[in-house]
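Undergrad: In case you want the letters, here they are:
Protein chains: 2
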Amino acid sequence: MQDLKAVGKRIPKIDAVDKATGRVEYIQDIKLAGMLHGKILYSKYPHARIVNIDTSKAKQLTGVRAILTGKDIPEIKFGVYKDNRPLKTGKVRSYRDEVAAVAAIDPEIAQEALSLIKVTYEALPGIFDPEAAMKEDAPLVHEEHKTNILKMPWKLHYGDVETAKKETAYMVENRFSTTWVTHCCLGTSGAIAQFDNTNNLTIYTNTQIPSLAQKDFLSALKAMGLRDKRVRVIKPCIGGGFGSKLDTYAYEYLSILLAFHTRKPVKIVFGREEEFFATSTRQPTIMDVAQGCDKNGKLLFRDISMVLDNGAYTSWGATTPSVMMMPITSLYRVPNVRYEAMCVYTNNTYSQAMRGYGNPQATFAIESSMDMLAETSGFDPMELRRINANQAGDVSPQDFQITTCGLDQCIDEVEKRLGKKTPKEKGVGVGFASLIHVGGGARVYKSDGCGTIIKMDDYGKINLFTGATDMGQGADNMVAQIVAEELGLDVADVHVIHSDTDVCPWDVGAHASRTTFVAGNSALGAAKKIKARIFDMASKQLEAPPEILVMANRMVMVKEDPKKRLEIGKLLRKFHFSTNGEMLMAEYFYDPENENLGRDFKGNTSMTYTFGTHGARVKVDEETGKVQILKYVAAHDIGRAINPILLEGQVYGGVMMGIGYALTEQIIHEKGEIMNPNFRDYKILTIKDVVPIEAPVFETFDKDGPYGAKGIGEPGCVPTAPAIANAIYDAIGVRIKDLPITPERVLTAIKAKKKLES
Amino acid sequence: MQDLKAVGKRIPKIDAVDKATGRVEYIQDIKLAGMLHGKILYSKYPHARIVNIDTSKAKQLTGVRAILTGKDIPEIKFGVYKDNRPLKTGKVRSYRDEVAAVAAIDPEIAQEALSLIKVTYEALPGIFDPEAAMKEDAPLVHEEHKTNILKMPWKLHYGDVETAKKETAYMVENRFSTTWVTHCCLGTSGAIAQFDNTNNLTIYTNTQIPSLAQKDFLSALKAMGLRDKRVRVIKPCIGGGFGSKLDTYAYEYLSILLAFHTRKPVKIVFGREEEFFATSTRQPTIMDVAQGCDKNGKLLFRDISMVLDNGAYTSWGATTPSVMMMPITSLYRVPNVRYEAMCVYTNNTYSQAMRGYGNPQATFAIESSMDMLAETSGFDPMELRRINANQAGDVSPQDFQITTCGLDQCIDEVEKRLGKKTPKEKGVGVGFASLIHVGGGARVYKSDGCGTIIKMDDYGKINLFTGATDMGQGADNMVAQIVAEELGLDVADVHVIHSDTDVCPWDVGAHASRTTFVAGNSALGAAKKIKARIFDMASKQLEAPPEILVMANRMVMVKEDPKKRLEIGKLLRKFHFSTNGEMLMAEYFYDPENENLGRDFKGNTSMTYTFGTHGARVKVDEETGKVQILKYVAAHDIGRAINPILLEGQVYGGVMMGIGYALTEQIIHEKGEIMNPNFRDYKILTIKDVVPIEAPVFETFDKDGPYGAKGIGEPGCVPTAPAIANAIYDAIGVRIKDLPITPERVLTAIKAKKKLES
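Taken in sequence, the protein lines are chains A and B.
Residue numbers for the first sequence follow the numbering used here, so the first one is 3 and each next one is one higher.
Residue numbers for the second sequence follow the numbering used here, so the first one is 3 and each next one is one higher.
A pair holds if it fits inside one copy or across any two, identical chains being indistinguishable in the list.
In silico PhoX-like pairs for lysine-lysine, Cα to Cα no more than 20 Å straight-line:
| id | residue 1 | residue 2 |
| --- | --- | --- |
| 1 | K576 | K217 |
| 2 | K572 | K231 |
| 3 | K572 | K448 |
| 4 | K84 | K73 |
| 5 | K576 | K566 |
| 6 | K428 | K621 |
| 7 | K448 | K576 |
| 8 | K148 | K84 |
| 9 | K572 | K224 |
| 10 | K621 | K690 |
| 11 | K217 | K572 |
| 12 | K15 | K231 |
| 13 | K157 | K604 |
| 14 | K633 | K690 |
Honestly, the hints are just simulated from the structure, not real lab data.
Generate coordinates for the entire structure from the input sequences, incorporating the hints supplied.
TA: Pasting the structure below:
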């Protein structure tokens, strides 16, 4: 291996001290001159006709600057299906429907104004169960669609599942379900919109997609009659993303509309309760899974159908089946696959992207089912996985090209660290589950690209503008470490500027664990252009051909004769400070060669794939049903660890999110109304709940990754729930097929099992 | 000529509406979280030993956060000769010497703290007259220099002046003088310094030289023991520059030092009185000028020596002789030239760069002398100028290469518009004067370069980062219009980002009328790179070779068949939204091929030179001595007018500044103390004083200028004073050789003349 100085090093997050000392600016901290405060009035019904909105009293309140209702705004449509509007007209379809918005000189007055708006509703029958919503006579959420079933194409069949079912030696068939959980970003949502005198818009907003949000807001401006304008999106420091900020929200459009009406900057910031009910969730699923293998344990088929509760509007949650397909077709070698998913409108909340984007749901079902198949077929669960493990060089049924694959090593390592199932003490068990995830970008939009601009100063220091959006995951470190490595600089020499569409090049957004791979390659490309020019300059000075030069320790030197060297800053000044001087700048746009999925859902969506195996040793208290995790091992093939502490941070954080998903987290809806919109009743895990986690990594040095790296943002939370469910089964012999695995569910299952045994 | 759509158009200044409506942020408007306010204690003596500074009482004042004296700070040296320090130790050398600095929670407390600082001085004899200061026994301002005469090399002799003097038919020899005037920026000076947790510095400061200020501040950090740090210089919108901000000032270092000591952002903003006495002035001069011509009116020689009052410290004012050389050697063809200038330390205020940088002083002397030579030799003043006018293709004695020259046209035009001297009514006269100035950059530093980065979005719009510093002169328009022209876009499509060293490429600063030429060429270079790539893309789509394509109206089209065309945004999206997509970015660093002056002061310092002739018709009231300007004509060869309204704005503003210099403005010093530090007693011209000005332009389309343009920032104020002085002489027959030409001076001269005549 190369002797690396920056890549692979445990360098703390660049903004760690600023965050710890309160210097970074969150949306909450930003104040603009003359700024007004906006508040949103939400529906009082899950489904109702809006008969009348009387804002007269609210308008008279001193300090109120604007009140908007659906009738006051142009036809701005947003969301994946453009079925949502910032303020509703005609009817409301869920409790989170926005009915009116107020801008006032302070938040308290805005809040008071909301209470003075009188909305007359005519209640309509609601529909809250997706399977019921599919029936012919169900109330329609969007009448114009004539059905509650979304016209979405999630249906594939590779090979011949029916024939395989006949040939199968062992087969299992089960129904699994998952419910709503939410991202629980510690920084609540918010935006500040401001127009200049020519109606160009600047918006500070908590987003993971500055470039795509810019596009959405440009469309909104067009709807407002403002053509040919500029939109600048600035993302302040955000307290967590996890996919929640991959779409634009009504509150962003409302800050824009209120700013336009008042000619002042307007800030809308959510409180915690609003964050719970008015931002989005992970898509709930009902999953029917059948799998079968031959007598040698080789998987013959996988047959999965799903129903997803879409809620009242369509955001990215509805498209999670496109990612669910990945584990369904490509986690382990499986020749015959059939999959169908239906998204159904209900009067519940609608869902967003969330870390893993459907993969945790699908992997919960698949990997629970795998253990059940192992039991049915008599194979050791890990042996069954080894028999079917993906291998480098494979092309999966969906045409995914597995260039590097450390799944075997991950399986072995986790098993080594946790031990096999037997022997064991009472109530203790181990369980395992594996994962596949995109690790080399994911072409889900027309571009999967990211741009970089590098500007070098007279001292060998760099300002780097990246398209990458840092949201705490460490995009800034990745880029800085890669560029520092490539140019032989200190990481502190590379100043990363991000999250401002005026300054930073385009990027499709922080999703699909793509940033290290795509932004890393983009930064690397720009650095290589700089390096070529430095070598060219140094070559003249050192009288040596560029091919024999290297950069290290802020020097350019002859590789085999390091005494022949030049300090980089000195070299740069020499070329700057002469007639017709030069200064080094470079730009690079990297868009991977991955493919959009075709109509048959085939296509190499990512340049490479990340694999991993998780295992848990749990202890179940059979009196209370409480599950305690004694040890957790999460092994991943990550290509290359650019920064091991940030990598571990991603894995630890992902695993804790996965454990919450497995055991404690759920948004409880009753007839569309959220019952637990706070951290007392919604059981997110806290620092006190942290379990012992080990996160061994295997470096397979992917040929396409920057320094061989693959993405690792999401995998941590993907196979957590099935590993735990499998461990619980191993511990006490009960199989929980519905998340979260609460003590109540465990106890109920224990009772049912005892009843059956007695 | 080409049919231009953006270049040559009267497009209002991009930020005009924002300025008019109060949206732009001046340093006064910027507030940072936790910001403290700094104030400076100045010397009570023009020259004194500091015996003791007692800050104990001031330190006890509630709200005071730091008090610094010279002993508390490291050895930070600044200024051209590094003879200045942010806080003085040992002794003070002028009334503006900084003795202590305070940071407090509000400006009032800081001010009160100043009053509680007790400084004990031991007065020293001061020296306020530069000629007296040159004497052997004069008190020394800087003892270590052993003399008050600065070791500066301003001495040249081309040809043979002594021989020429012998051969000359007509000769005049006179002494002229100019005094202190100041820039009168309506926005007063200020800075806010802030350190991050790793001691990188961000400083918001009113500067014309972000990149060189960054270098100065990096040196200061080094002196403070902070090595290897980053400095980000952000220039907010500034209310005028005019050269005043070409150097770094003590208050900037004090904001840095106070911020470092308090760990808080510290803001120092000047009041108007402080702006008058603690910022700098135009260098006062005593100029002895001899010129002679042969019997045909051909100039034979010019022999000039000067004494300049340097004040107590050395900023750029001391180097104005390097620019004075330009008119001295190269305004009109003159074969034999001798020049010597001496800068002398005194206990007066020190001088800075100011619009024209010595040229107004020198041109006042030369062009007054030219009229006197015309009278002596019997030539018509304009005829004498025509005989000696520079011509394109000339190489001047200083090796300036005159590539384009419209001086003849300017002389003719001004004469045409104002008429010859006779016939005339009583007390009315006309006078003329010409100018040469650098118009194609000016290599006064190791680099005369400027960088540009262009980033294009999916809609054909541009974000452009320029090194150019807009300070109200319209650098943003110049760059936007040039790039819009080159790429066939609307000017509003080009968003110019400037004045932030993190984001913007390097530039040597806004001086020497260089921005349109240098930043314009830099922007043009980047635009050409973009254009080449667009043509390449379009070539594939239109099936036409790049050579036959043009860009206009946001389209790329086949020149001879404009129906074959593509909308630029659409083309860009096509190349962005495909596998291995591209987005257009480009960087370009332009550094002209001009030369630093050699030891002999020869060298083609600028790529081209701007010429012009001014003329004034004045009416002198012989009872009061008051001079009224009836009409003013300022004709220039500007290569190409990129934007005629901004060009006219520069000329009008320059002329008004020149009229103030000629007639009303002076800082009155008494023993080093400024007597009129306010706009009541310092007579800057106001809107009520505006005279009828015509500003005809001649376009000579310089081969090296962007679209043929030359610089025009300074010329407007260069020949104003001599044109007026010559007109006064024409009107009433008195020759005023000292500026300003106040009514008192005119009356005194009239009386002296009458006495002589009687």
